[in-house]
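*Asks:* Here the structure of chain X is known, so what remains is to put chains B, U and E in place on it, guided by the hints.
Chains as they are written, first to last, in the numbering used here: chain X, 1 to 499; chain B, 1001 to 1640; chain U, 2001 to 2494; chain E, 3001 to 3105.
Derived from the structure by calculation, the hints contain no laboratory data.
Backbone N, C-alpha and C fix where the C-beta goes; we use that ideal spot for every residue, glycine too.
Please note that a few of the clues may not be correct.
Claimed, not checked - Reference excerpt, derived from the structure (chain X facing chain B, CB under 7 Å, subset only):
no., residue
1, V234
2, Y297
3, Q333
4, L403
5, F409
6, S412
7, C420
8, L424
9, A427
10, L431
11, R435
12, G475
13, Q476
Unchecked claim - Okay, derived cross-link-like pairs now, DSSO-like style, lysine-lysine, Cα gap no bigger than 27 Å in a straight line:
no., chain 1, residue 1, chain 2, residue 2
14, X, K28, X, K157
15, X, K25, U, K2374
16, X, K106, U, K2376
17, X, K27, U, K2374
18, B, K1166, B, K1030
19, U, K2159, E, K3104
20, U, K2283, X, K108
21, B, K1166, X, K447
22, B, K1166, B, K1316
23, B, K1573, B, K1165
24, U, K2374, X, K106
25, B, K1457, X, K452
26, U, K2283, U, K2413
27, B, K1383, B, K1369
28, B, K1457, B, K1369
29, B, K1383, B, K1573
30, B, K1027, X, K447
31, X, K27, U, K2376
32, X, K452, B, K1027
33, B, K1165, X, K452
34, U, K2374, X, K157
35, B, K1030, B, K1369
36, X, K25, U, K2283
37, X, K28, X, K452
38, X, K108, U, K2376
39, B, K1379, B, K1457
40, B, K1383, B, K1030
The residues making up each chain are set out below.
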Amino acid sequence: MDPINTAMLIFWPAIFAFLLFTFRKNKKAAQWANMVFHLPWFWFLYQSCLLWRSSTADGMFPIVFNSDFFPLLKSNFALGLDGLNLPLIGLNVFLSFCLSLYALGKEKLSSSYLALFALLNAASVGSLMAADAFVFYIFWEAMLIPMFFLIGIWGSKNRVYAALKFFAFTMLGSLAMLAAILYLWVQPDIQSMGWHSIAQLGLLGDGLWSPRFWVFCGFLIAFLVKIPAWPLHVWLPDAHTEAPTGASVILAGVLLKLGVYGIARWCLALFPSIAVLDVVSFTMKVLALAGIILGSYGALRQTDIKRTIAYSSVAHLGFMLLGLFSFQLAGFQGAMFQNIAHGLSTGALFLIFGIIYDRTHTRELSDYGGLGIVNPRLSMLFVLSVMASIGLPGLPGFIGEFLILNGTFVLSPWFAFFACFGILLGAVYMLRIVRGMIYGETSSVLKSHPIKLSFSEWGSIIPMIIAMIVLGFWGQGLIAVTARASATIIYNLQGEILR
Amino acid sequence: MIFEGLRWILLAPLLGAVLNGVILQNKSAKISGLVATLASLVAFGFSVVACSQLSGLNSAPEQNFLIDPLFTWMSSGHVYVPFNLELTSITSVMLLVITGIGSLIHIYSISYLSEEESPWRFFSYLNLFLAAMLVLVLASNLAVVFLGWEGVGLCSYLLIGYWYKKPENTAAGMKAFITNRVGDIGFLIALFVAFSFFQTGDISRLAERVNDYAFLSSGVPTWAWYTFAGSLLWAATAKSAQIPLYIWLPDAMAGPTPVSALIHAATMVTSGIFLICRVWPLFAMSPVIVDAAFWIGMSTAWLAALIAVSQTDVKKVLAYSTVSQLGFMFVALGAGSPAAAFFHVITHACFKALLFLAAGSVIHGMHHKQEMSLMGGLKDKMKITHVCFLIGTLAIIGFPLTAGFFSKDMILAKVFAAQGVFGYILLLGAALLTAAYMFRAYTLCFWGGARSEYAQKAHESDPLMYMPLVVLAFLSLFIGWLELPEVFGHFTKITDWVHSSWYGVGVGEQAHLSHLAEWLLMLITSVLSLTVAYYSFKIYQRNPEFKILPEPLHKWSTNKFYVDEAFELLLIKPSMKAGRFINRISDETTFNGLANGSFRFTRLSGRLLALFHTGSVQTYAWHFVFWSSLIVGAIFLWTL
Amino acid sequence: MPIDFFDSSIFYLGPDDWKNLSPFILLFAGIAVLVVAASMRAKDLVLRTLSFSFLSGAAVLFFASLLSQGRFFLGSSMELGPMERIVAGGICLIAALSSLYVRGPDYARHSEWGALLLICVLGMCLLPTARNWVAFFVYLEVLSIPAYLLSALYSNREKSLEASMKYLMMGAFVSCFFLLGISLFFAVSGSFKFEAISVAMTAAAGPQQFLCFTAVALVFSSLAFKVSLFPFHFWAADVYQGAPAPIASFLAGATKLSVFSSIVLAFSECGLWDIPGVSLYVKLLGVLSVVLGAVMALTQSRLRRMLAYSGVVNAGFVALVLPNGLSVLPSVIGFLLVYALSVLICFAVHEIALLRLGRSMDDDLEINSFVELKSKLSPFYLVLLGFALLSLAGIPPLPGFFTKYVLLSVLAKNSAFLLLAVALIGTFLGLGFYLRSLVPMALYPAIDSKKTNSETSSSGASLTAIAATVFSLLVLFGFTYLQGLISSAELMAR
Amino acid sequence: MISLPVGELEFHVFVSIALFAIGAYGFLCKRSGLIALMCLELMLNGVNLFLMTFSKHHSSPDGASLFLFIVLVAAAEAAIALSIFVILSRRFGSVVLDDYRRLKG
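Bound-form chain X, shown alone:
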C-alpha cells in the first residue's frame, strides 16, 4: 500500500499510451491491449483506496506522494488523495474501462486514438490528484492537447471549428489561472506552491478588491469555463456534437467534473474568505440559476439530439454550481454526489446514442422514431438513463439534486425555488427526446439501419446502468466517502460567514 501506487495511477496510463503507439499496425490487438491495460489501473485504484481508508491524517488535503522534480519553480510533485478526488478518479477509471470495451471491434478507432485517450486519462487523473498549484496547472493544460486531437481528428463534419473553439475557450480560462499562479509564485513569503502553503498565505489581504480576490477570480474563471457556467458555455454544444462517442463520454464524464472539483478544491477550500463574500456568492448563484434555466431552454430548442444532451449537462452543472455555493454540508456533498451521478447518466446517454449514431450517422430527432419496436432492450436502457438524468428518485440524479436544493434552501430559498423549475424543464426536453426517438412508428432511418449491438457494446453499457441503479439506492456509501473532506471545507466556510 506504499504511496507509489497513487503515483502509478497517473503514470500507468501514460506508459500504456506509449505502449499503444507500438501497436501501429494492427488495430484489433491495440483495442484488446487497451482493454487489458485497464486491469492494473483498477488494481492501483484499489490500492489507493486502501491507502486512503487507512490514512488517518485529518488535514484538509493529505499528501500521499511527494518528490521534488523542479526546485527552480518553487514547486514539487505533490499528490494528494482524499474524499473529494477519490470518487472522481474511480469514475474516470470506470468510464475509461467501459469505453475500452466499447472500442473493441470498432473500425474507426485506431491505436493512436486509444493512445491519445490514455494520455487524456493520465492528465485528468493527474490534475485531480495534484496538490501543487504548478503541477495542477501543467496537468490541467495537458488535458487540452489530447482532447483537441480526439475531437479534431475523429470527430464528425465541422470538427475543426469545434476543436479550435474548445481549445480557445479552455485556454482563455486557464490563462487567467496562469496569471493567478504567477502572482502567487512571486509572492515574497511563499515557500512552495504546495496547496497547503497557499492556504496559509496570509498577506494577500481580504475584502472585495484585494489581491486575494483577484487570485480567487483567476482560478474561478478557469473552472467556470470548464464547468461550463452559463455565459462561457458556448463551446460545449459544439464540442459534444462533433466529438466521437468515446471523447464526448469522457468529456461529459470527467472533464466537466474537473471544473466542479476545481472550484471545491482550489477556490472554496483555498480562499474561503473570498468565496463567502455576498457579492461573489450571489453572482455565482445567479450564474448557476441562469445556467439551469437557459441551459434547459437551450436544450428545448435543439433538433440535434447530442446538442440537447449537451445543453442538459449545462443545466445539471448549473445545479452543482448552486450546490457548491450554498455553503451547507448538504449542498456541498450533494454537488460532489451529483458530479458522479451526472457523469454516469450523461455518459450512459452519450454512449447509447453513440452506438445508435455509429449505425445511423444522423443526429436529427426527426429522423428517429420507433426505436422501441426495433430494439426494445436498448430503448429500455435509454429510457432508464433519461430518467436518471431527469433526477427520478430511485436513481442517483435525484439524490444529488435533492441534497443540493436542500442545501441552497437554507440560505437562499428563492434560488432553490426557481431552480426547481430546472427540474421541470429537464423533464420536458428529455421526454421530448424519448418521445421522438423511442415511441411512434419506426422511422425510415431505423428501418434501413438495423440496430444490432455487438457483445462488447452491451458489455460497455450494462456496467454503467448497474452502477446507476446501485448508486440510486446505495448513495449513502458515496456520500460517506466525501463526508470528512467536505465537512472540513464547510466548517471553514461557515467560520468565515460568522466573521
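*Replies:* Just chains B, U and E now, kept in the frame of chain X:
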C-alpha cells in the same frame, strides 16, 4: 414495534416487475399475467398478516405502529433520510385497498390484454406501479414518500403511453408526467421546509413537532408553516387532479382500462389526500390553507360535474366523475375532517374501480369502441356487467345503505357542521349533478335499442373479467358499514383508525350534530338524488341526445370549458416561445457571435496590416524612420 | 596622449587567457580552414562536416569554460562572464545544428557559406562580451555583413537575391542610425566605455536628458531592427521567406539570442534603463509587437512567413521584460534558446516536407499544402512539428511553457499587470496561429498522392530536427542548473 | 593645441546633421539602388564629421578610432552591395529598388 414482514410486501411486486420486465419477456398474456397476479397476491397476503399484527398490538397511542428499518438512503448535514417502512392504522387500510383492488385488476387484465403483442411490458409496469404505490404508502420519511410519489408518476407515464404506436397516447403520457412534475415541485418545497425548519423528514417526528411547546416557541417563522402546508396542497392538487392541474386525468384515459381503474381511480389519484391525512396535524396549523382546500375542492367538484354531464365517451364521463369525487374529498378535508375524506377515499376506490372495470368489459365486448352513442340495449346481452354497473352507479349517487351513501353523507354532515347551510347546499348541488350524469351514462349504455352493429354483436366477457366485478360489487355494497353515522349507533371504525395514526397528537373535533339534524340531512340528500336519478333514467331512455344543460353552457361543457386550450395559450406557448427567443439571443447571437466575431475581427485587421508590406525596401526604410521618430516624439511629450 | 583604447596588456596572453579565449581561437582556425576549403571548391559534404565539427567544438569549449573559468577581462573592450559563455555556447549550438542540413545542388557552386557562417557566429559570440560601443559596433557589423551574403547564397534565384538586397540595404541604413546614436553618446560623455557613459548619463540634466533619450532611442531602434520588433520588423518576413532554409533558421534564432542578451548587458551596464522614457519606449515596442505581430501571423498562409511573425511576437515578449535590469538575463536566454531550437525544428521539418513533396529547394509551402504530407511523411516528423509549434505556443508539458512561465514571472514580480495581461493575450492569439498551422496536417483526412523520392536524401534535415528536440528538452532540465548558476553569477557580477 | 571656438562646434554639428539628413532623404526617395548606396556613404560621412568634431571637442582619440572602423565597414558594405546589384542588374535587368517586390504580404 419492529416487524420484518413489511419489506416483503414491497419486494413481491418489485420482484414480479423485474421478472416480467427483464427476464421472462414472453409474449403470452397468460404466463406474464399469472406471474404479475401472483406477485400482487403475495403482497396482499403479507399485508393481511401485517394488518393483523398491527391490530393485535394495542399499546400506547405513540407506539402503536410497526417499523421495519431497511437502510439509510442519504444523510448529509441537516438532511437525514432513513429508508424505513412504517405501518400505522391508516396505512394498513390503504394497504389492503391497494393490494386487494390491485390483485383484482391484475386478474381482470389477464383476459383484457389477451390479444396484445407485448403484454409482459404491461404487467411489469403494473407491478412496478404497485411497488411504487406501496413505497408511497409505507414510507416513514417524507423523502421516501416522494420516491414513491415520482415512481407512481413514472409508471402512470409508462402505462398511459403503453400503446405507443399512436402519437396521442404518448402525448397524453407526457402531459401526465409533466403536470405531475409541476406538483412535485410543490412537494419538494415542502420537503425543504421540513428539513431546514423542522429539522426532520419523519412523519411521526413531524407530527410531534405540533404539540412540543419548546419547538413552537423556538421561532419557526410563520411563513414556514404556511409554505409547508401550501406546497403540500399544491402537490396534492397535481396528483389528485384538482382545479389548476386536473387536465392530465381526462387525457390519461388513453391508457388501457385496467390502468385507468387501478391508477386513475383507486390508488394514485387518492395519494394526495392520503398524504394530507397522514400529515394532518401539521396541515391544520394553517387554517387559511384548509379553507383554500375547501374552495378548491368545491369548485373542482362543480366544474368536473358540469363537464361530465355532456361527455359522450364512457371513460371520459367516469374520469370527470373521479375528478368531481376527488373534489368532494378535498371539500371534506377543507371542512376539517380528514376521517370523512379518508372514508370517501376507500368507498370511492371500490365503486369507481367497479365502474371502470364494468366500462372496460363493455368496451371489450364492443371491440374497443368507447362512444356511448354507439352503445345501447346492452342490458340483456351483458347481464352480469349490467348488474355490476348498476350497483356501482347506485353506490356513487349514494343510494341508501350503499357505500357511497354513508361516506357522502358523512362529508355532507361535516360540511354542514363546519361551513353551515350555504356550503351544504353547494355540495348537495354537485351531488345531484353526479346522480344526473351517472344515470345518463347508465341508461345510454344499457337501456334503449342497440344503436350500432357493435352493440348488437356485444357479448358477455369471460369469467376472468366479471369475477373481479362481482367481488367489487359486493365490496361497494357493504364497505359502507365500517363507519355508521351517530344515528345508526356508535360504530366509527374509520375515525378511530385515522385519529390513532397521528402518533397520539390530538386535533380539535368539530361540533356534533343532533340526531334530528342528521336524520333530516340524510332524508333530504337521498330523496333529492333519487328523484334526479329517476328523472334522468326516464329521459335518457326515450331521447339519448337530451341536453341537461342550457345551450350556451352545454357547448362550453362539451369543449371542457376550453381549459386545455387556455393552458396552452396562456402558459405553455408563451413560456416556450420566450425560452427559445432568450436562448437564441443569449447563445447564438451574443456569445457565439462574440466568439466568432472576435476571430473574424483579428483576421480582418491582419489583412489590413498586410497592406503595409508593399515589399519595396524604401517603404520599409520609410517606416523605420517614421515610426521611430513618432514614438520618440510621443514619449518626449509624454515625459515632458 | 597615449591611446588607452588598446592598452599594451592586450598583446600578452597569460596561461588562463588561452583557456578563456580558446573557443574564439578555434573559431578563427575554423574560418581559415573553411576559406581554404572554399577556394578549393570542396564538395558540400566536406564543408558540412568541417563547419559542424568546428562549431560543435566551439560550443563544447564555451560550455566547458563555463564550469572552470570565472570572469575574464580583455582590456576594456571585452568581458567574458558566465552569461556571455552560455549565450555564445547556445549560438554555436544553433549554428552547428543548422549547418547540418545545408545541402542540395544550389550550395555546390557557393562553397564559401561555411566560412561566412563561422564569421557570423564569431560576431554573435563576441557581441555580448563588448564593453564599449566601438567594439559593439564592430561586432554588430561582423555579425550582419556575412548574414547579408549568406542570405544571398542561392545567387541564381531571384527570391534569395531580393531578400539579401533588402536585408543589406535596410541593415546598412539602420547601422547609420546606430552610429549616430553612439556618436551622441560620445558627444555627451566624451568616451565610448560603458562606465564613462553611465557616469555621464546619471550626471545629465535638463535638455541633455532629452539628448540622451534620443541617443538611446536611436541605438535601441536599430537593435530592435536586428531583432525584428514591431515597427522595424518589415524585413523579417521577406528574409525568412527568401533566404535559404538553414540560413533563415540560424539567423532567426541566433541573432535574437545574441542581440537581446547584448542589449540587456550593454544597457544595464550603461545604466540607460533609468533615463526617463526609455523603459516606456521599450515596453511600448514590446506591446505593439506582441499584439500586432500575433494579428499579422493569424492571416499568413505560408509557414515560413507565419514563423517570421511568430518571431516578432516572441521578440515582443522579451521586449516586455527587458527594462528590468540584469536579473532578467537568465530567463531571456532560456526563453530565446528554446525559441531558437523550436524554430530550427520547424524549418527542418519544412525542409523535409519540401523534399518529400518534390518541390524545388527555395519554394516555401502553403500551410494547407501540408495536407498531402500525411500520406508521404512518417507521422514521427508530424509529431516533431507538433511538438515544436505547441512548445512555441507555450502549452504546459512542453519546454516552451516553462521558459515562458519564468519570463512572465519577471513581469509579475515587478507587478506590471497590464503587461502581463498583454502577454497573456499574446499567448492566446499565438495559440490561434500555431494551432491553425497544425490543423491541416493533423485534422484533415489524408489525401494519398504518390510518394516522390527526391534526389537529395533528407537525412540531414531529420538529424537536425531530432537533435533540436533533444536539445530543447535538455534546456528544460538544464534550466535548474542555469538558475543555480545565475545566483552565483549575480554574486560575482559588478 | 588649438580648440575650436564654441561657436564653431554648433556649426560643425549642424553641417554633419545636415549631411546625415540629405543622405537619409536621398536613400528614401531616389529610385535607383546605386544612388541609394551613395546616399548611405553620405550618411556615414555625416556621422564621421560629427564624431571628429566631438573627438576634437573632448580631445580624446576614441572618436577617431571609431572613424576608422566606420570607413572600413562602409567599404565592406559598398563592396557587397555593389556585387549584389551587379548580379541583380545582370539577371533581372534593373537596379531600381521598387522593381523587387515579389516578397510581400
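*Asks:* For each hint, tell me whether it holds in the structure or not.
*Replies:* Quick rundown of the hints versus the structure:
Interface restraint check for X:V234: the shortest CB-CB distance to chain B comes to about 4 Å, inside 7 Å, so the restraint holds. Hint status for X:Y297 relative to chain B: holds, with the closest Cβ pair at about 3 Å, below 7 Å. The interface hint given for X:Q333 holds, since its Cβ lies 4 Å from the closest Cβ of chain B, which is under the 7 Å cut-off. Against a cut-off of 7 Å between C-beta atoms, the interface hint on X:L403 holds, since the closest Cβ of chain B lies about 6 Å away.
A distance limit of 7 Å between C-beta atoms decides the matter here; for X:F409 the minimum to chain B is near 4 Å, and the interface restraint holds. Because the beta carbon of X:S412 sits about 11 Å from the nearest beta carbon in chain B, more than 7 Å, this interface hint is broken. Evaluation of the X:C420 hint against chain B yields a held restraint, the C-beta minimum of about 4 Å falling below 7 Å. Annotation: X:L424 was flagged as interfacial toward chain B, and the flag holds, the nearest CB pair being 5 Å apart, inside 7 Å.
A hinted interface residue such as X:A427 counts as satisfied when its beta carbon comes closer than 7 Å to some beta carbon of chain B; here the least separation is about 5 Å, so the hint holds. Proximity of X:L431 to chain B holds as hinted, the smallest CB-CB distance being about 5 Å (cut-off 7 Å). Annotation: X:R435 was flagged as interfacial toward chain B, and the flag holds, the nearest CB pair being 5 Å apart, inside 7 Å. The beta carbon of X:G475 is positioned within 7 Å of a beta carbon in chain B (closest approach about 5 Å), and the interface hint is therefore held.
Among the interface hints, the one on X:Q476 holds; its C-beta lies about 5 Å from the nearest C-beta in chain B, closer than the 7 Å criterion. At roughly 26 Å between alpha-carbon atoms, X:K28 and X:K157 fall within 27 Å of each other, so this suggested pair holds. Restraint check for X:K25 and U:K2374: satisfied, since their Cα atoms lie roughly 16 Å apart, inside the 27 Å limit. Straight-line distance between C-alpha atoms of X:K106 and U:K2376 comes to about 26 Å, which keeps the hinted pair within the 27 Å bound.
A C-alpha spacing of about 19 Å is found between X:K27 and U:K2374, which places the hinted pair at or below 27 Å, so the restraint holds. For the proposed pair B:K1166 and B:K1030, the alpha carbon gap of about 25 Å is at most 27 Å, so the pair holds. Restraint check for U:K2159 and E:K3104: satisfied, since their Cα atoms lie roughly 11 Å apart, inside the 27 Å limit. Under the criterion of a C-alpha separation no larger than 27 Å, the hint pairing U:K2283 with X:K108 is inconsistent with the structure, at around 51 Å.
With a C-alpha separation of about 18 Å, the suggested pair B:K1166 and X:K447 falls inside the 27 Å cut-off, and the hint holds. As the CA atoms of B:K1166 and B:K1316 are separated by approximately 19 Å, the hinted pair is consistent with the 27 Å bound. A threshold of 27 Å between alpha carbons decides the hint, and for B:K1573 with B:K1165 the separation of about 26 Å falls inside it, so the pair holds. Between U:K2374 and X:K106 the CA atoms are separated by roughly 22 Å; this keeps the pair inside 27 Å, and the hint holds.
The straight-line distance between the Cα atoms of B:K1457 and X:K452 is roughly 45 Å, outside the 27 Å bound, and the hint therefore fails. Using a Cα cut-off of 27 Å, the hinted pair U:K2283 and U:K2413 holds, with the two alpha carbons roughly 16 Å apart. Between B:K1383 and B:K1369 the CA atoms are separated by roughly 19 Å; this keeps the pair inside 27 Å, and the hint holds. A hinted pair counts as satisfied when its Cα atoms are at most 27 Å apart, and B:K1457 with B:K1369 qualifies at roughly 12 Å.
Between B:K1383 and B:K1573 the alpha-carbon distance is near 49 Å, which puts this suggested pair outside the 27 Å criterion. At roughly 23 Å between alpha-carbon atoms, B:K1027 and X:K447 fall within 27 Å of each other, so this suggested pair holds. Annotation: proposed proximity of X:K27 to U:K2376 holds, straight-line Cα distance about 21 Å (limit 27 Å). For the proposed pair X:K452 and B:K1027, the alpha carbon gap of about 21 Å is at most 27 Å, so the pair holds.
For the suggested pair B:K1165 and X:K452, the alpha carbons sit about 22 Å apart, so the restraint of at most 27 Å is met. Of the supplied pair hints, the one linking U:K2374 and X:K157 holds, its CA atoms being roughly 19 Å apart against a limit of 27 Å. The suggested pairing of B:K1030 with B:K1369 holds, with an alpha-carbon distance near 24 Å, which does not exceed 27 Å. A distance of roughly 53 Å separates the Cα atoms of X:K25 and U:K2283; the hinted pair therefore is violated under the 27 Å criterion.
For the hint pairing X:K28 with X:K452, the CA-to-CA distance comes to about 20 Å; that is within 27 Å, so the pair holds. For the hint linking X:K108 to U:K2376, the alpha-carbon distance of about 21 Å falls within 27 Å, and the restraint holds. Between B:K1379 and B:K1457 the CA atoms are separated by roughly 13 Å; this keeps the pair inside 27 Å, and the hint holds. Proximity of B:K1383 to B:K1030 is assessed by CA-CA distance (about 26 Å); at most 27 Å being required, the pair is judged to hold.
When each numbered hint is compared with the structure, violations occur for hints 6, 20, 25, 29, 36.
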